[in-house]
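Colleague: Now for the letters of each chain:
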Amino acid sequence: MSRKWGWPVWLLIMTGIACASILHLAVGAKSIPWVEVWQALTAYDPSNSDHSVIQGSRLPRLWVAMVVGACLGLAGTVMQAVGDNPLADPGILGINSGAALFVVFGLLVLPGNNMSMIPLFAFSGALVAALGVMLLAGRSHNPVRLTLSGAVMAALFSSITAILLLLDQQGLDSLRRWLTGSLGISGAVLPHWLWPYLLIGMLLCLCNVRALNTYRLGAQAAASMGVNLLRMRLMSLAAVVLLSGCAVALAGPIGFVGLVVPHAARLLVGNDLRHLLLATPLIGALLLILADVVARTLVSPYELNTGIVTALIGGPIFVALVLRKLK
Amino acid sequence: MAVTVRAFFLAACASLGVGLTGPAAAAETKVFENSFGRVEVPLAPRCVVSLHDLSLTTQLLELGVKPCGSTGRKKLFSDALFRGAQPRFDVAGIQYIGSHQAPDLEAIAALQPDLIVGLSYHAELKEKLDKIAPVVLLPAREADIKTYAKELAELVGKQQRYQELLAEYQWIVSEFAKRVKEPGRITVTTLEVYPDGFQLIGRSGMDDVIADFGLGRVAAYREARQNVPYSLERIGDFNSDFIIDTYEEMLDSEAGTAAFRSSPQWQSLFAVQNRQFLYLNRSRFADTMQGMIGSAYLLMSHIAERGYKLQQD
Amino acid sequence: MSGRLTTPRRFAWLPWVGRPIDLLSSLALVLVLLGMAAYSLTVGSYPMSLAQAWAQLLGGEQLASAQGNVLWELRLPRILLAILGGAAMALAGLLMQSLTRNPLAAPGLVGVEAGASVTMLLILVIWPSALPLQLYPLAALVGGLAVAVFVVGLSWRRGIAPLRLILVGVGLTAMLGAVADLLITYGNIDRVESALMWLGGSLHRGGWGQVQSLTLWLLIAGLPLLFCHRQLNLLQLGEGVALSRGLNVPWVMGLLLLCSVMLTAAAVANVGVMTFVGLVAPHLARQLCGDRHGALIPLSALFGALLVLLGDTLGRALFPPLQLPAGLVVAIIGAPYLLVLLARQRNR
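Chains as they are written, first to last, in the UniProt record's numbering: chain A, 1 to 327; chain B, 1 to 313; chain C, 1 to 348.
So here's chain A without its partners, still in its complex pose (with noise of 0.2 Å):
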């Protein structure tokens, strides 16, 4: 059950994600010749206006895909494991839309505040959110009963971050492309506020890969061979709070990566989770890269939404792990 195909397939995701990455830089609404693209990375010349263009609008954009797509992928794969669940997402247990309603909430009700609390919000509504959901679905290892206690959840904080935007009209404008999940929109630098969080959500992940890989035999079997369960669940629940935070701060909430990317890497890294955890972070960058392509490009000269195009992407593979799953 370990490793599958070895060294071969960690080779490919990073090809993978070179080859994406200057896809990504390469093409998009404007058309800029691939040697100008080359050359805006090695010899970059400011006055240029397409090497700003590479610089200054599409590498940022390229590395908040990168943070934004492996804070979903590992939150995914920490949740799948934690709750048992081959369904399990951010978005789909409404962790997303709880972190959306505690930034909107926060922006436009609270006073005195400014974009740098963004993070503190959107991580208190994602541990809200998430402490709903356990407490809705139970312990009960029942994969629909999780889906749906996500659905309400979601549902419940879409409601009131609607009645809240609909009370004050004036903040629709300025959040409405933010909700759908934009990743162009957090600006041309990496916030600085970013590492610590990221930082300590990873960090959390790989402190609790022994716990979580001894937990995929079972609980009781788990609890045998001493690892502490109250632990394991409680450093997963701040790494899964940590990381969709930190995504949502990003970007909005982007939904369907933290459920397609874990079962992409077992496919081709196995179950053994000191391997997915390694992998899911590389194949969620790879996946957000590849779907801003898309969304930059469907429509080109318009730009689409990051998060539109991973729930057409994501919604049919649901729909299919679903049918294969369930007989």
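No lab work stands behind these hints: they were computed from the structure. Each hint can be trusted.
Cβ-to-Cβ under 7 Å is the rule here; a few derived chain B residues that face chain A:
hint, residue
1, V228
2, E233
3, S263
Built from N, CA and C at the ideal position, the CB exists for glycine as well.
Chains B and C: place on chain A using the hints.
Modeller: For chains B and C alone, kept in the frame of chain A given last:
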């Protein structure tokens, strides 16, 4: 304020020779007709309800008619805002009746209006509103500002005021024509930059003014669609002699786009390099006659009365 | 359990009279609903006392006055729509929960709401002149039904497989949500606005036409349910039991699912999206009468009506003249209750 409304009311009633009994029941009527149909309306409406603040309410105020009720924008924990009308006009006495998408019909009924004006998309509400007062829909989104403002002026009997506004506007247009020869050589782009894209919008009648002045557009603009988010990468396509963007104080839009504005993409635009980029307040004017006049004066000062460079030269 | 099911009833054709307590609770709910409706008549931006409203209701000849207009054209159809829409959604939700044997199943589960929304957006954004205004509810109905049929078809496996149904429904709903977002972001803003208005706050533009249409659908798909309580009780026990009792399970499930989908589509088309009513109302009813569908069906409908009426009245009264959609208000009232209830059930 209430005094003037009341005085107006009394004067209207006295001139028509009717008492205060029954709202508009005995008032003289006329038939108003436009592209949305024929409606029987009072000759001198006593209480007009406007279903759109940015265009109809402000245009009514400019014509010298204070509506008794209007839709507006609501901000949490603060009073409603009648966009375009505030702070240019005294809006005390205008009742807030909800959002323009879902106005409170009962609040309208409580005002006992004798005329309701709305836009084309209020056709869905027309059946219900008709039972409260005659409803007239105006083509504020389908036709240009002059057309709908003329219809509105006819409707409320303020043709005189409309002609004055039109005369002032046409004077600016003729002045501009005197000062600028071959205006078609000057290309102008109206847009709005957001953190993750831009749209081609010319608010406050700016696009009408540009057309009336006979100014040119770049090729990309003529093929483009409006109200669709464009990628910021395409901003170079709209590299015209003049670029007009707008900001909204309440949304902090200047800070939100600061990063993009310092990028070489933006800095390398012809209009930015030659200080021919105009950054205007989006809420200063509305889509009305005076909005057009204001926009026309702005273009007059920034294009006709100032030296400029052209890409063609 | 089966002993209870076979208890002879005094009036076999009126199932809920079987137990006096059910009759009593139904009557009590009807009274509360009437009281709520009467109170709701006096709430709104137009000042009107109960006595005035009553006089208007009795004296039909005063219809020309402004007060009569507000009462007859604005408030009364709105109150009736709230009651009918609530009942329809509650029944649809109850059916869905019984069929899937899952307390969290919502009537929008099989994609009816998402299908209706996307259809409306498509029509209004892409072909705005394709249909006259009166046919919009019908189009929403057709769109909702089409998506529901698709979901059911996908999850069909020698009969309806509840698990697959639920999960396929969730996935497809999320995907259709993205399509709706796409149309909203990239459509012409005016048309999108009117589509959103149409979908969101339909109750506030409700008229007698919608009341008639919803009544019709309730008669077609809702009334027959009162006589299906036996089949539902059997299904609740599991398909095996139902089969052994001589029930044609695939057929019955298919028909009941169709009823649920029709009720949801009719409610969405005439009143707008109100998921939580269908989730919460059956649970409220279960608190009174347990799982006996004979009583559960009428009680759920009454609770649904009461919830939407309450939500709409609050939505009108809280921030006038802004009108909060009833469905959103119900979600905020209903969701915490649902959370507490399910958390309690879990611990049992």
